[in-house]
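K.L.:
Sequence:
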Amino acid sequence: MNRKTMDCTKSIFQKFFLLLLLVLFLGFVSGEIIVTTQVEKKEIYPFEMNNLVIKILNDSPNVSDKLYLRIQGEDNIVFINEGVETKSFVKEILELKPNATKEIKTKFKATSTKKDPSQLFVYYGTENEYPKVGLPFVSGTMVGTKENKIDIITRVDKVNSLAGKEVTGSVSVSNKTGNPITMFASEMIVPQRFDLKSEPFFVETIDANTIFAQFNAIAPINVDGEHSVLIVYGYFDENGVGHYFEKEHKISFLKTNKTYLVIIGLVVLIIAVYLYLEKTKKSSKAKDTE
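Numbering (the working numbering), first residue to last: 1 to 290.
No lab work stands behind these hints: they were computed from the structure.
Be aware that a few hints might be false.
Claimed, not checked - Think about it this way: if two alpha-carbon atoms lie no more than 20 Å apart in a straight line, the pair counts; the simulated DMTMM-like pairs of lysine to aspartate or glutamate are:
(1) K114 with E40
(2) K105 with E82
(3) K176 with D157
(4) K114 with E48
Every value quoted in this text rests on a predicted model; they were computed, and no experiment measured them.
With the sequences and hints as input, model every part of the structure.
P.N.:
Here it is as structure tokens:
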């Protein structure tokens, strides 16, 4: 083991040891409520979905007060709360019965890789503590991130077509691992009221070749503002391990001004009538000349 590897291992160990001490100390101080955290996958690729598992124990003979949890992570960690991507959010837990345990799973992903594991924290406190001192206790865990040798590029664009405001999405996959991946599937997920025209894409095996798939949807005629479109995909690697990813793309629309459309329509109509009258006038003159 070289010095660089030893220093990296030492840094990771120190982080984990300090985090463990902090969790144990605060768990002891908090007394009645014990919160522990862990991740389902210890290491993930960028944009690969993972679950943060939060276990809450009411270690007392009394019903607990309402509990507040603030869930957040390092700068490369994004959580999915009620279908929306966020860096942190607060969750309320209703009263827990004596000696009762509650488990919560929260989806998250890493948007980039880091040399050291990324940290995730759950700050917590009771209904009485929250307004006075914030959330005084914390539980934490870590997740590793690594580069993916399967190069997957997603893209979402908007175009104006005869059908209206069209949203196009694509995914291209280039397998550089030297081993086949299997059961690759992908689809585009659009907001409500968008009319998705394409079917999910599926291919059984991807060897050392590049696969490309395209999706499209029609936006509502009165759409405006910013909207999120997801390109999701997943596959099984050479070891049979499943990986599922979500990439969010933001697209913005300007609402079509109906008055503006009416004015344009009137102008076009006036021009058409004028051209028709001019044509009729010329035809009449030609007949008179004859």
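K.L.:
Does K105 pair with E82 here, judged by a C-alpha cut-off of 20 Å?
P.N.:
holds (12 Å)
K.L.:
Does the structure keep K114 and E40 at a Cα separation of 20 Å or less?
P.N.:
holds (19 Å)
K.L.:
Given the hinted pair K176 and D157, is their alpha-carbon gap at most 20 Å?
P.N.:
Given pair K176, D157 is violated - Cα atoms ~27 Å apart, limit 20 Å.
K.L.:
K114 and E48 were given as a pair; does the straight-line alpha-carbon distance stay at or below 20 Å?
P.N.:
This hinted pair holds, its Cα atoms lying about 14 Å apart.
Against the hints set out earlier in the document, a violation occurs for number 3 only.
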